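Participant: The lines below spell out each chain.
Number of protein chains: 2
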Amino acid sequence: MPSPITQLELARAGETTPEMKFVAEREKISAEVVRDELAKGTMVIPANRVHLAGRLEPMAIGIESTCKVNANIGNSAVTSDIDAELEKLHTAVHFGADTVMDLSTGKDIDRIREAIIAASPVPIGTVPIYQMLEELGGEIEDMRAQHFLDMVEHQAKQGVDYMTVHCGVLLEHLHLSMNRVTGIVSRGGSLIAKWMMSHRKQNPLYEAFDDLCDIMRQYDVTWSLGDGMRPGSVADASDAAQFAELDVLGELTKRGRERGTQVMVEGPGHVPMDQIQMNMERQAEVCDGAPFYVLGPLVTDIAPGYDHITSGIGAALAGWHGAAMLCYVTPKEHLGLPEKEDVKQGMMAYKIAAHAADVARHRPGARDRDDALSKARFEFDWNEQFRLSLDPETAREYHDQTLPQDTFKSAHFCSMCGPKYCSMKITQDIRKMAEDGDLVQLGTTAE
Amino acid sequence: MPSPITQLELARAGETTPEMKFVAEREKISAEVVRDELAKGTMVIPANRVHLAGRLEPMAIGIESTCKVNANIGNSAVTSDIDAELEKLHTAVHFGADTVMDLSTGKDIDRIREAIIAASPVPIGTVPIYQMLEELGGEIEDMRAQHFLDMVEHQAKQGVDYMTVHCGVLLEHLHLSMNRVTGIVSRGGSLIAKWMMSHRKQNPLYEAFDDLCDIMRQYDVTWSLGDGMRPGSVADASDAAQFAELDVLGELTKRGRERGTQVMVEGPGHVPMDQIQMNMERQAEVCDGAPFYVLGPLVTDIAPGYDHITSGIGAALAGWHGAAMLCYVTPKEHLGLPEKEDVKQGMMAYKIAAHAADVARHRPGARDRDDALSKARFEFDWNEQFRLSLDPETAREYHDQTLPQDTFKSAHFCSMCGPKYCSMKITQDIRKMAEDGDLVQLGTTAE
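One line per chain: the protein sequences are A and B, in this order. FYI, the numbering used here numbers position 281 of the first sequence as 281, with every residue one higher than the one before it. FYI, the numbering used here numbers position 401 of the second sequence as 401, with every residue one higher than the one before it.
Because the hints were derived from the structure by calculation, they are not lab data. Computed from a predicted model, the values in this text were never measured in an experiment. One thing to keep in mind: the hints can contain errors.
[As the list claims (entries may be wrong)] Here are some chain B residues pointing at chain A (derived, C-beta under 10 angstroms):
no., residue
1, S76
2, S177
3, S190
4, A193
5, M348
6, A353
7, A357
8, V359
9, A360
10, R367
11, D370
12, S374
13, E393
14, S415
[As the list claims (entries may be wrong)] Straight-line distance between alpha carbons at most 27 angstroms, and here's what the computed DSS-like set of lysine-lysine pairs gives:
no., chain 1, residue 1, chain 2, residue 2
15, B, K201, A, K425
16, B, K201, A, K432
17, B, K340, B, K107
18, A, K375, A, K28
19, A, K201, B, K425
20, B, K432, B, K375
21, A, K157, A, K107
22, A, K157, A, K254
23, B, K340, A, K340
24, A, K432, A, K375
25, B, K420, A, K107
26, B, K375, B, K420
27, B, K375, B, K28
28, A, K340, B, K420
29, B, K107, A, K420
30, A, K420, B, K201
31, A, K201, B, K432
32, B, K40, B, K21
33, A, K107, B, K425
34, A, K425, B, K107
35, B, K340, A, K420
36, A, K201, B, K420
Heads up, the beta-carbon is just placed ideally off N, CA and C, and yes, glycines get one too.
Here chain A stands alone, though its shape is the one from the complex:
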């Protein structure tokens, strides 16, 4: 038995690391619960030892901790540069991103990633196949397993905390995607599929899985087992291709844990509301409770431009039914690369979804902020109401737009109803009119 390196191995060895203590305090659960969950593999703390030596504040992802939100940033060949990406990072973290993925596929990938890791207090994830493809000059057919292993090691050295790798897309399952409405919609999954078609050989990342584990273990990089076959339309949801890959991910979860690496599993995609609970439960069963990290899912395909909402609905349901982390979707999804304002809108929709999920799961304390805000609302304590809001600036701006005069800002009403129709003001009048016990008596004596 080698000496423990990863949080998983340390937990199994009965050690309570500073990282476990940090997340326990943040989550208001005991460090023992954190350690036990880590040891079982039902919680991960994606914390690359390099990033941990820098600015990283450890983050727990798992069903026993609050529902997390990831924000995707990164440039594409078509648009964006390093300053724009750092601004997106800042915006995402400001609005509460629990992790950030750098999905850059354009120029200056290394400089952008290094700058992001150096600046980020939250775990950073990547999809290493993108940069590998850049270095191959864009021809996926040229890939050999060693190219990929080298890239994973390169990024691990930079301090990447978790990596999406599409090990679960197998040659024998490709035919299951051929009649789909939207085919393969995972970028990494489609690249691997193309490689397999060209070479008529098995997925080299699947075959190199154990070697990948060994590299990732050295830095404690957490797996995010990619779902190359995730549905890209509600028509393709919960199909044979998706679930064939899920079974492979279940097998890899087990193998990854055995080799000491922490494992998350990625999930759909586009799923009608009535299939979401089933999807969450099936993943938990097949992958032995590994933290499920879902992209939405979008509950309808008909609203490009508003997919932060179509997917926010699905994400809230997914979180309620057990997803540990929600990957945000921005209004630009399916249309273009998100910019700063899109990052903000995506974050807001997903902070709402994650919090609504925590409330629906009855997490201890989850509703405290709701109750405090509602109390402030009832008491016309506008400043406190704004302070407790997910986005105080926007709430204040909307309120002040139609009540611009300073004298109105502490008013016992807003412009929605005006003073005469404010139900909360009227309720307070009623309460003043009711003496102690008075109303209870009315309740029993009324005709």
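Based on the hints, put chain B in the right spot on chain A.
Facilitator: Relative to the frame of chain A, chain B by itself:
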């Protein structure tokens, strides 16, 4: 037995009216189903005979028809005028509002309502207590039942198709609201409660219920039985006050139907996700399947400025579990009177919610538009994709923002991934590489 007037009475008499035929065609169900549902009271067609003589296109609301969306417009004492309200009506209908409520409480109420009814192809709802209060000079204590009866008749004559009346708030239930975090948050409900507290008498609208039925029947105004005790915070959801009133609404549903009037029932409000299904099922049982018309519900209180999203999540769940109509909530909720852009944002969130509900309920044909849009997406038919979008202008604008050159507009990628990483393009390459049967063979022979 008087001769039948309302759609309910006509359906019971076995008549298939032009209105029934119209909505049957629109809903792609048979006119017999419409008639049967109307006769049972599980569907309503809010169609005031006055408005029907004007521009009204009848609309079905009920569990056997698609999920509907209502948009609230109307001025307040603080802001807005007739032109602004007509612009909001136009915006709401343009983005798919199935009904519109005029909640004006400011100046020129009659002129605004008449203009709205004259211009509107969709059913118009009101809350008559607002205008009545204006005419009383703002003192609810001065109300007598006759004031209210007169106002209902006045608005019925104008052509209002459905009216929210808070008959279900009873004196003996007031004490149940006293310890709530946010008290009574229905404007009409709080006004009635204040009246009852002042006079220590039963709700006069409850006592005048049969007389109100008689007026409404003459014009075929549909009841929207107001939920004065709806929860205004997640803390107050599903409490004794809410359900005590629901039982009263169940009784009034029965009485309203007996007197020949069509009846809808209003519902919450603020409800955590895990209580929504229960709320929908309880209403259906208590109110014998009367169409349920819900306001959201918001699934968390912490996001003022984004309550179209917090409530869109709840609305989608409500629609899935049986709500017949969703009353939109705009980003301005709790902060100010919605303006035109807020109307648009509220409509978009709710069209998404209603459609996602129809998809989750497996309504025949509900998914056709999703499938067609996804097919266009896969084929890079951008124009068709935009055409099928809920908001084509916004989708096109977002797409073009980062791919401004004309040459790119028909490109087989967008700026999100760029040409090298477009999974749909790669999938098409893969499909070209696969000959007939080729992949199935791979599927069976791969190691």
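Participant: All hints, please: hold or fail.
Facilitator: Now for the hints, and whether the structure bears them out:
no.	hint	verdict
1	S76	holds, 4 angstroms
2	S177	holds, 8 angstroms
3	S190	holds, 4 angstroms
4	A193	holds, 5 angstroms
5	M348	holds, 5 angstroms
6	A353	holds, 7 angstroms
7	A357	holds, 7 angstroms
8	V359	holds, 5 angstroms
9	A360	holds, 4 angstroms
10	R367	holds, 6 angstroms
11	D370	holds, 4 angstroms
12	S374	holds, 4 angstroms
13	E393	holds, 9 angstroms
14	S415	holds, 4 angstroms
15	B:K201 <-> A:K425	holds, 21 angstroms
16	B:K201 <-> A:K432	holds, 17 angstroms
17	B:K340 <-> B:K107	holds, 19 angstroms
18	A:K375 <-> A:K28	holds, 23 angstroms
19	A:K201 <-> B:K425	holds, 21 angstroms
20	B:K432 <-> B:K375	holds, 17 angstroms
21	A:K157 <-> A:K107	holds, 20 angstroms
22	A:K157 <-> A:K254	holds, 25 angstroms
23	B:K340 <-> A:K340	holds, 25 angstroms
24	A:K432 <-> A:K375	holds, 17 angstroms
25	B:K420 <-> A:K107	holds, 13 angstroms
26	B:K375 <-> B:K420	holds, 21 angstroms
27	B:K375 <-> B:K28	holds, 23 angstroms
28	A:K340 <-> B:K420	holds, 24 angstroms
29	B:K107 <-> A:K420	holds, 13 angstroms
30	A:K420 <-> B:K201	holds, 22 angstroms
31	A:K201 <-> B:K432	holds, 17 angstroms
32	B:K40 <-> B:K21	holds, 17 angstroms
33	A:K107 <-> B:K425	holds, 21 angstroms
34	A:K425 <-> B:K107	holds, 21 angstroms
35	B:K340 <-> A:K420	holds, 24 angstroms
36	A:K201 <-> B:K420	holds, 22 angstroms
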